[in-house]
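Protein chains: 2
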Amino acid sequence: MPDASINDFFTPRGVAIIGASTKKGSPNNQTLRYAIEMSKTGKVFPVHPKAEEIEGKKAYTSLLEIPDPVDLVVMAVGSKSALQVAQDVKTRRESKGDAGAVAIVTAGFKEMGTPEAIKLQDDMMEIMRSCGARVIGPNCQGIADFYNGVNTSFSLPPVTLKGGLSIVSQSGAFATSYLRWAKEQKMVGMNKFITLGNMADVDVTEILEYLGNDEKTKSIAMYLEGTPNARKLMEVAAKVTKKKPVSVLKAGRTAMGSDVAHSHTASIAGDDAIYDGAFKQAGMLRAQSIADFYHTGRVFDRMPLPKGNRICLLTVIGGPSTICVDALAAAGAGKLATFSESFKEKARAILAPAANVGAPDGYIDMTASVNPKMHTDIIKLIMEEDDIDAVLFLTSPPGFLEDEELANSIIDGYNSVPDSKKKPFLTALMAGNSVAKCRLIMEEHGMPTFDMPDEAARVMSNMIRYAEYRKNA
Amino acid sequence: MPDASINDFFTPRGVAIIGASTKKGSPNNQTLRYAIEMSKTGKVFPVHPKAEEIEGKKAYTSLLEIPDPVDLVVMAVGSKSALQVAQDVKTRRESKGDAGAVAIVTAGFKEMGTPEAIKLQDDMMEIMRSCGARVIGPNCQGIADFYNGVNTSFSLPPVTLKGGLSIVSQSGAFATSYLRWAKEQKMVGMNKFITLGNMADVDVTEILEYLGNDEKTKSIAMYLEGTPNARKLMEVAAKVTKKKPVSVLKAGRTAMGSDVAHSHTASIAGDDAIYDGAFKQAGMLRAQSIADFYHTGRVFDRMPLPKGNRICLLTVIGGPSTICVDALAAAGAGKLATFSESFKEKARAILAPAANVGAPDGYIDMTASVNPKMHTDIIKLIMEEDDIDAVLFLTSPPGFLEDEELANSIIDGYNSVPDSKKKPFLTALMAGNSVAKCRLIMEEHGMPTFDMPDEAARVMSNMIRYAEYRKNA
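For the protein sequence lines, the chains are A and B, in the order given.
First residue of the first sequence: 1, per full-length UniProt numbering; consecutive thereafter.
First residue of the second sequence: 1, per full-length UniProt numbering; consecutive thereafter.
Bound conformation, chain A alone (with noise of 0.2 Å):
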């Protein structure tokens, strides 16, 4: 049998669920829910030794009795059973030529590291290699794909929102937590997701190389803990980035977060200063912390690359923007912009008198003195200035600005310009959940906001960085 292709992970006929539970509430049970609830078509088939309905499906004791084309087979049954299922897909893909996507969630292989626990999984894999069957995992949450209605997962979140963001990553819930991180504010728009646990067959450069090709993924976020083969991943990973970005959150920086990592996917951390280098080399951004890692991922997505790195700092906020400029140069990408003499006049037109408007050169501060008008009619000022390149924009809005006034007086100077003029535009608000609904309603648009004004400017800096190896590469 020729090898099946990764585009049956994300485009099959039909999902088998090997395992599926008739215990509401179970992950097992869950698994299965999510897959309904997320199917276009309906076509989930539980696999169960005794049910003859879970959650409303038709059960099949085994695999081989499903009479529909299953293409993607979720194994979620215990490990003992592995080398049955393993059989079950062989024989399938023998006698039907399905089944050529097998997502194994399952624990208790080589991330064990007992010899018996090892054997299993390189038993397991024979069988499956034999029959040109791919496999993702296994100890992962398989794949989920937003476009496609696909969700192999028990964690993922029946999130809606489709977008540009994909996501790979050797951890599965930090997959699953990136997208519950951002549910209720709506701050990412997702497209595919692939959690690859043990990589004892498909593995994380086959993936990145798949998403870029993939016309949907605007972004890639990549959650890795090591690989056997890093410079096959690195050269893979320059070609991608010529084309859209790839965050990369690594582990194993020290001692102590290798031991955690190995015995999580068994895998080897490896030398952190040479992948160090070698992402840099390669053009991916090294997250350099959870924070940083999510939000990078999510505003490539979002917002336009910056034209050069001349920021405007936009503020009501003195002392948080200290701070923000403190991140923002150490980052070392960005520095703020040089304003013409018409800029300021025409800014000191529009805010208070109190205003500062260039002391020093990029930088503005409204003083508490602001009302919608002046929010919309700067920001405009702003997008429509050729000098700059980007903006920061902080605030801890007032009392007695409406959190839907606010949000729409922003929104408004944004799009007072066409789409070819966009820039950049980040917005920390730094009054936490008290502002809440101004954050969604400009998460709804479009808009990336953040709690901290240093953590929107250390994106800034990644977004600055890419679009200068871009330029140059």
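Calculated from the structure, these hints are not laboratory results.
Every value quoted in this text rests on a predicted model; they were computed, and no experiment measured them.
Subject to a maximum C-alpha distance of 27 Å in a straight line, what follows is the list of computed DSSO-like cross-link-like pairs (lysine-lysine):
1. A:K186 with B:K437
2. A:K373 with B:K24
3. B:K183 with A:K183
4. A:K437 with B:K183
5. A:K23 with B:K437
6. B:K40 with B:K96
7. B:K373 with A:K23
8. B:K24 with A:K437
9. B:K437 with A:K437
10. B:K471 with B:K421
11. A:K216 with A:K232
12. B:K471 with B:K244
13. B:K437 with A:K183
14. B:K119 with B:K90
Starting from the structure of chain A, add chain B where the hints point.
Same frame as chain A, but now just chain B:
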């Protein structure tokens, strides 16, 4: 006249608000409203040229007309009236002996950088000094005291949650944003709040000393742009940190940031490396980010100091744990604990068979097969174990665990030991606002929660570092 006492700011018999506005929603109206709302005695006196009553309070045309004792004068009127107000303060001090504490929230002084504005500040301060009035500001949001019911800020939310955190800040926005950030999820319990602005009289050192002697202050958070007498600040800090923790966020790490700080409060940020070393020597904890600053200050108020640096990482999410441990190791203060054989046996008896107890040592991955009782039992076991000094708990709560049930199972485990055996326990719930309720319940029970595991690791490292300093001090 002898100098008034700093105490007058926090325990005033009456508060005059010069420049109180009749215009609903304006900053100077809000200042009055918040002052009234917070006041326990109702002794708040608006001063306004024409109004007879504002917000239900009789208004006076001048400070001199108020018949009741006024210990705290809030100057919110435009800077052109500065000398008149100063003269009224002097007259009042000389005739009635009160009006000793003056909070000048008005801007338009030295921070403007013009000769006129600098002279105005100097002239005003000369009058104030001549009558022994103590001044906070100008160009600030004044002060608040949540136990005594004082508030001079126009943007400080009417938080009612009292606690042991006091904030001293050269930026009003940093102080108010801190509380707004914390408000909805009740992450901070507040005592005193002091914003210093241009520090024309009362400076950061004097306030630090005051807070050091303030019994209800358990933790001090300081935002600093610069002080002309850094040596004195460090001398005082070295004494205060022997009694209670002081976290500091310092602006001006970079030249670009220093420029902004100068335009903000006319501060000279100074040589960052010198500040950095001095903070360390004085036992202050320098925050590396705004999130670090906010969390470190609040956590010291809620959790006991660790007795050592041996950390147990309890998790259900492998990937995020690797990044958490990397952050812990990079911070260099904590290390993973060494589990005894009997501890491991007991832990395994509590958890699912697939759970990883002790690979690597100090690490427990419960896997996704968890229930509330397991949470309570394993946390109880960890709390009772003498070879563990502190706990990091990471979870992205599975959908099948209800927020309330999960929160209570964690709280029960933590509270299963007497207070004398309590150790710091920081929880990262990687699921954004989708677990807001769980986080709120935990915070209400004094258990700090985080969005991000690496952030929790950095804050834990700050706790360990400070505990070690206290041991050696």
